[in-house]
Each structure stands twice: as structure tokens, then as C-alpha cells.
Amino acid sequence: MNALVVDDSRAMRKILRSILLDLGYQIIEAEHGLDAIEKLKENDPFEIALVDWNMPEMNGLEFVQHVRENSDHDNMKLVMVTTETEPDRMVKALMAGVDEFVMKPFTPEILIDKLRLIGVSVNAGNQCEEL
Amino acid sequence: MTLAVDDINFLQKLLADRTGHVLNDAQSYLLDSRLKSLVSAQGFETVEQLVAKTRASNSPLLQDQIAEAMTINETFFFRDMHPFEALQETIIPQLIESRRQTQTINIWAGACSSGQEPYSIAIVLREHFPELMDWNIKILATDISDEILARAKSGEYSQFEVNRGMPAKLLIRHFDRNGSTWTVKNEIRKLIEFRKVNLTKSWFFADMFDIVFLRNVLIYFSVENKQRILEQVHRSLASDGCLFLGGGESIIRLDVPFDRETNGQTSWYQPVPSRKMKK
Ligand SMILES: C[S@@+](CC[C@H](N)C(=O)[O-])C[C@H]1O[C@@H](n2cnc3c(N)ncnc32)[C@H](O)[C@@H]1O
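Those protein sequence lines, which keep their order, are chains V and B. Counting along the first sequence from 1, when you hit position 123 you're at 130 in our numbering, and nothing is skipped either side. Counting along the second sequence from 1, when you hit position 73 you're at 1182 in our numbering, and nothing is skipped either side.
The shape of chain B in the complex, shown without the other chains (with noise of 0.2 angstroms):
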């Protein structure tokens, strides 16, 4: 079934209002499929119908549900495994030397999804360096979705979600089993703080981050959106500190101060020292 054009306009909008998300003509015939849920869930046939019940309430949950029906969650442990990899290999170990006066690491994963990529990152922290124990690390984990941090915050997972990239050694180690729900344990959970943030909107953090995630949500924004969004995380980061993108994303058409690291299968960006910086 197709959506009237004045009804894919107005979904269009919402979703560009509330989270910035630009869908084009040729991604709405996703439309359909992605509101059927909410669809049934509130009594209606027809997207048609939860369209026009919208439009005449004006009622912002309704609005809000929508956006967040029509936004892609998906994330998995580890995806694309190399950041971590990184992680773990080099920039721990360099941040663990240059901060060893504060003995304090930030981290932020914008978009974090259901909570998958931050306990991904505390995992690696506490598996593989026992010495950063009594350091102060905040990981502070960020969506524009109540529902989904609702989800990431009781770090409870179907065993079809941690079956999906944990490896089985870490798994057992840092998760507790009942029936098929796996739960992170408290030592990984402690890590992280989970918190509303939209990122096109102005957000500050009274913390510099030594590494940012912002992995698989920029590819949804206008290039405007992108390079404001790209610019307050330059200020957000510290000045030797790491931002990781998603494992297609690139800043290539973009205006901002990064330099692009590569090393062995990966790549992150890292400001561009100020003396290089033309002014």
C-alpha cells in the first residue's frame, strides 16, 4: 500500500522537526512497515488513519511516538569489532600514560541505541586493564529515545542480541543468565551513565571527552545538521582525544578541524593541533 503524498509529507516533516532526520522520497515506502506497530498499538487500521489522528490532536506524544517508530536502532556487541580493537590496542594504553596525573577517562557514545556499543566499551575497559580499577572512567551514554534508553539502561538482552557479536568468553563473564535474558553485571553497568540527549539540538557536557562514539547517526541528518553536530563535538573533545564514526561514515564534504587516523583496519578522527589551524 502507498501513502498519500500530503500524508508522507507530513511524516517527512514531523521526523525532520523531532530528530533531524532527513528521509527522502525513495526511503518512504519504509514508512508503512515501520509505523505498523504503533498503528495497532493505538487502535487504528490504517497508517492513514494514525496520520489524520495526529494532524488533528497535535498531541506531541503521538508526534514523538512516530519519530521514534520511523528511527533505525539497529546496533549489535562489538559491530565492526576494529574501533574496539583500537581501543583496547592503542588509545587506552596511550590515554592510560597521558593521564595518569587526573587518573580520569571520559568517554561519550551519542546514539547509543539499546546500550550494546557502551557496554561493548566498558567491557574492553574492564577485561583488558585491571590497573584503570581505582581510576575515574565515566562513560556517558546518550540517545534522542526515551523507550530505547529505557531499554539500554536495564541491560537486560534477549539471547538473539548478545548471540550477536559478544564474544562467548566475555559473555559469560560480564553478563548473568535466567531463562534467555542475559543482564549486564554491575561492575559494567556502574561505568556508564545513560542520559536524553538530541543531538541537533545545542547540548553541553561539563566534562572534555577523551573518546567520542558517534557511529551510524549522522548518516540520517542534512549536511547543515551534520557539520553543527561534528563542530560542538570538536569542543566537546579533548585536544588529543579520539572521535570514532561508523564503519562506512566520513567527514570527507564536511568543514571541520579533524585529522583522520588510520591504523590497521579502522580509522578515527583527532582535532587538528591548534598551531596547524589557519586562523
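Same shape as in the complex, but just chain V (with noise of 0.2 angstroms):
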């Protein structure tokens, strides 16, 4: 399973990637929304992306829009990681095909259940106590 980290803040693609690892998937870095779009046409198709909104060249939303208005990628998973939190801001991401949100800071947990929310395959162990 591949997953796309578009961020422009080397640590956070770092914190990312390790994320995803523990989760079985391979993953592909860019460095904003062009870089993005040429390592969706690198690679074979992603099981998700996981999408910062501000950076250089092209940003998260104009990324979204992209991707969105083009069928290729109808059933990748789009998740903005982002500082950004306006709630109409969020509204215009949603519209334009983003499929969840995760604020930053997060831990892991918060972002597994992000994807778990969205349908995204995570294997995660599950004990079971007996009362």
C-alpha cells in the first residue's frame, strides 16, 4: 500500500512517515503540491495522502482541487494535516474533496483513528479483556 506525505517541513514528513510505517504502508515524500503531482504520475496508485495546507509552489487546497477535478485518483484518501482551523476555511477543503482533518498537534492515536474514520486499512492488535 503506498502513501503520499506532502509537507514542506522535512521533520514533519519524518513524524509522518514513521506513523505510517508501523501501519505496513510504503511511502513517497514531495515537498508541496507540484512535487506531489509528479510523484503521482511516478508511481502506482496511492492508497491515501496525507496533505499539508500551506506550503510553496502549490499549497494543500490547490493540491486537492487538482487531484479532485482529476479521475485518475477518485479512490485515494485525502487527509489535510494542517495548523489551519478556520471553520470556513475547512468547509472550502471539504468541498473541494478533502476527506478528513487532522490538527496540528497530534499523536499517532489521533491520526489512526482519522484514518480509521475515512475507511483506510490500519492493522492495529485488539485485546480483548474479560470481565
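FYI, nobody ran anything at the bench for these hints, they're computed from the structure. Treat the hints loosely; a few may be bogus.
To be verified - Straight line, CA to CA, 30 angstroms or less: simulated DSS-like cross-link-like pairs of lysine-lysine:
id, chain 1, residue 1, chain 2, residue 2
1, B, Lys1122, V, Lys111
2, V, Lys46, B, Lys1278
3, B, Lys1145, V, Lys111
4, B, Lys1305, V, Lys84
5, V, Lys84, B, Lys1294
6, V, Lys21, B, Lys1278
7, V, Lys99, B, Lys1294
8, B, Lys1294, V, Lys111
9, V, Lys99, B, Lys1278
What the hints assert, rightly or not - Label-pair distances were calculated between CB atoms; the ranges are:
id, chain 1, residue 1, chain 2, residue 2, range
10, B, Ser1166, V, Arg96, 49 to 55 angstroms
11, B, Asp1285, V, Glu76, 29 to 35 angstroms
12, V, Ser128, B, Asn1245, 36 to 42 angstroms
13, B, Val1332, V, Ser128, 35 to 41 angstroms
14, V, Ser16, B, Ile1361, 46 to 52 angstroms
Keep in mind the model is a prediction, meaning the values are calculated, not measured. Every residue, glycine too, gets a C-beta built ideally from N, C-alpha and C.
Hey, can you piece these two chains together into the complex? The hints should help.
Structure (C-alpha cells):
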């Protein structure tokens, strides 16, 4: 399973990479929207893209709009990972086709819960306690 | 730092008396870290000093505060997800059929902690069932802790808390944002009544419940307490009502007349029909 991580911060890409690695993903990184579009062309289909909002060259919202206008990636889930929490702007991103938001800062559990919410495969163990 | 056996025993007994929680010796290493903020809030340096003061003064307030600090309150919106899907896909649609006459649905979230669970239930109802708009819907949300109930009632959550489990679409629709605080909107809040109830004491509710959420709390109790609580829940549940326990909880070792229903990735309990019950 391929995951695309789009963020201009190398530190943030590293954090996302380590969480996704544990979930069994193959990770491709991109530094901004234009770079991400290239990576989409070069690789097999992605199950998911985690996208920052504010980036140089092409920002996250523009990238989302581009992807959603292009039917090649209809099955790819798009998650915005961002400090942006202005409800009006979040609405705009959702209308553009974002599946879910993760607000920075976040923990691995928060991200994994959100992925589960949108039906992305996360293979987490499930222990059972008897009463 | 490790506490003296005597202090550990004192704290275990205090917790059991106040909340019914059984803390085994292996868990007692948690005491130190859980009590840390209360220790400094009370102007002490160490847990030993706090325990000494509590013993000497016998103050019920201090005892309550200690019990509260030792209790786990972890919760989040749409925890485990599947129970909420079951509400949406199966249970609420069935109730809409079976309660057509009374147009009343009573739900109880026992041990609601800071409120994420009852608010999640209310959001499911408002989001997916516009036909319930004129129905009489009541969600009773209870917990043992005054402090946590006050937080639940306020309906205010940090960005971190809404980030955990609340889908962005629902966040935008059902919360107002003020800086980094998100507040549940009134039309959701007014479905819920918050009240203090200690599950290990006897309690009585005027209404029979159609749905009960009692999740991630029974694990802390002794077998006797679990048994007694579930017997009481059974008496408060409508004959076709549903009981949800936590994701990892089951009633395998207990003797209560519930049948387990499994649906997709979740299970819940329903009272055994009375004709099947042995007398
Ligand atoms: C881990 S939280 C579970 C919250 C929520 N039900 C969930 O599953 O996310 C446990 C809650 O049980 C409450 N609790 C503990 N002992 C209790 C008792 N004897 N009676 C009522 N509530 C109790 C605690 O105050 C705490 O808020």
C-alpha cells in the first residue's frame, strides 16, 4: 500500500513517515503540491495522501482541487494535516474533496483514529479483556 | 520513588470505599504519578505527606479529591466507532419503528467522563435522523466525579480533544470555535442531562432505557460489583433495549440474563426474552 506525504517540513514528513511505516505503508514524500503531482505520476496508485495546507509552489488546497478534478485518483483518500482550523476554510477544503482533517499538533493515535474513520486500512491489534 | 506498603494499602482502601475500584498491587506503581498534581495543588512535596494529612484529618473532601485523581478518565469522541455505526444503521432505525406510539427514546451513558460519549450519541441522532426532531429524546449522562461532570456540562473541548475521533464534517456542523476551544452547539447539548451517580451505590431512574452505554468502567470493579451493577442495569433496560460495553469488555464470567448480539464489528447485549429465562 502506498501513502503520499506532502509537507514542506522535513521534520513533519519524518513523523508522518514513522507512523505510516508502523501501519504497513510504503511511503513516498513530496515537498509541495507540484512535487506531489509528479510523484503521483511516477508511482503506482496511492491509497492515501496526507497533505499540509501551507506550502510553497502549490499549497495543499490547490493540490486537493487538482487531484479531485482528475479522475485518475478517485480512490485515494485525502487527509489534510494542518494548523489551519478556521471553520470556513475547513469547509472549503471539505467541499474541494478532502476526506478528513488532522489538526497539528497531533499524536499517532489521533492520526490512526482518523484513518480508521475514513475506512483506510490500519492493522492495529485488538486485545480483549474478560470481565 | 516507591510508597510504603502501609500508604499503598491506605490508598487502595480509600479508592475501593469511594469508587468501588479495585487497584491491584501491580497497578499501585501508578499512584505516585496520578497523585502528583494533587500533591502540589495541596501544597505538599510528596505523596507521603498527602497521605499523612488525609489520615490525620479524615477530611471527606480530601478523600474525594484523592479518589478522583486516582481514577482514569480517558475518553474520546466516537470511541471504537462501531457502536455508533450500530446505532445509526440498526438500533435507532429499529427504535423508530417500535417506539412510534410513544415517540420517546431514553438513553443512558453511565460513566460518561468528560462527555465525549453522550455528545457523540447526540450527534448521531441529530445528524442522521431528522425524523426524530419532534420526538422526546433524552440522554442521561452520569459519572461519579463532580469535576469531570462540570467539564462535560460545559461542552467545551480543546483542539486536541476534538482532534481525537471527531470527524471534521461533524466538528464544523455541531461545534462553535473560539480560538482553540470548540464548544458543542446548543441543539446538541439540550438533548443531554448530566447527573452525578455512583454506580456502586444503589441508584434508581424513573425511566426505562432503550439504550445504555456502560463502557470502560466495569473493568475497574470487583466481580461482585460488576454482577450487582449489571443486575441493576438489566432492571433499568427495556425488554428490547441494548447495552453496550467497552470494546474489550464482555460478561462471560458473570451471571446476568443478557444475550450477546453481534453485528459486523461490534456486539451489544439484550435482555434474554422472559419466556426463555429459567425461574
Ligand atoms: C475510562 S472512563 C470511560 C468513559 C467513557 N465511558 C468511555 O468509554 O470513553 C471511566 C469513567 O468512569 C467513572 N467512574 C469510575 N468509577 C465510577 C463509579 N463508581 N460510578 C460512576 N462512575 C464511575 C470515572 O469517573 C471515569 O470518568
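Results for each hint:
no.: 1; hint: B:Lys1122 <-> V:Lys111; result: violated, 42 angstroms
no.: 2; hint: V:Lys46 <-> B:Lys1278; result: holds, 29 angstroms
no.: 3; hint: B:Lys1145 <-> V:Lys111; result: holds, 28 angstroms
no.: 4; hint: B:Lys1305 <-> V:Lys84; result: violated, 42 angstroms
no.: 5; hint: V:Lys84 <-> B:Lys1294; result: holds, 29 angstroms
no.: 6; hint: V:Lys21 <-> B:Lys1278; result: holds, 28 angstroms
no.: 7; hint: V:Lys99 <-> B:Lys1294; result: holds, 21 angstroms
no.: 8; hint: B:Lys1294 <-> V:Lys111; result: holds, 23 angstroms
no.: 9; hint: V:Lys99 <-> B:Lys1278; result: holds, 11 angstroms
no.: 10; hint: B:Ser1166 <-> V:Arg96: 49 to 55 angstroms; result: holds, 54 angstroms
no.: 11; hint: B:Asp1285 <-> V:Glu76: 29 to 35 angstroms; result: holds, 32 angstroms
no.: 12; hint: V:Ser128 <-> B:Asn1245: 36 to 42 angstroms; result: holds, 41 angstroms
no.: 13; hint: B:Val1332 <-> V:Ser128: 35 to 41 angstroms; result: holds, 38 angstroms
no.: 14; hint: V:Ser16 <-> B:Ile1361: 46 to 52 angstroms; result: holds, 48 angstroms
When each numbered hint is compared with the structure, violations occur for hints 1 and 4.
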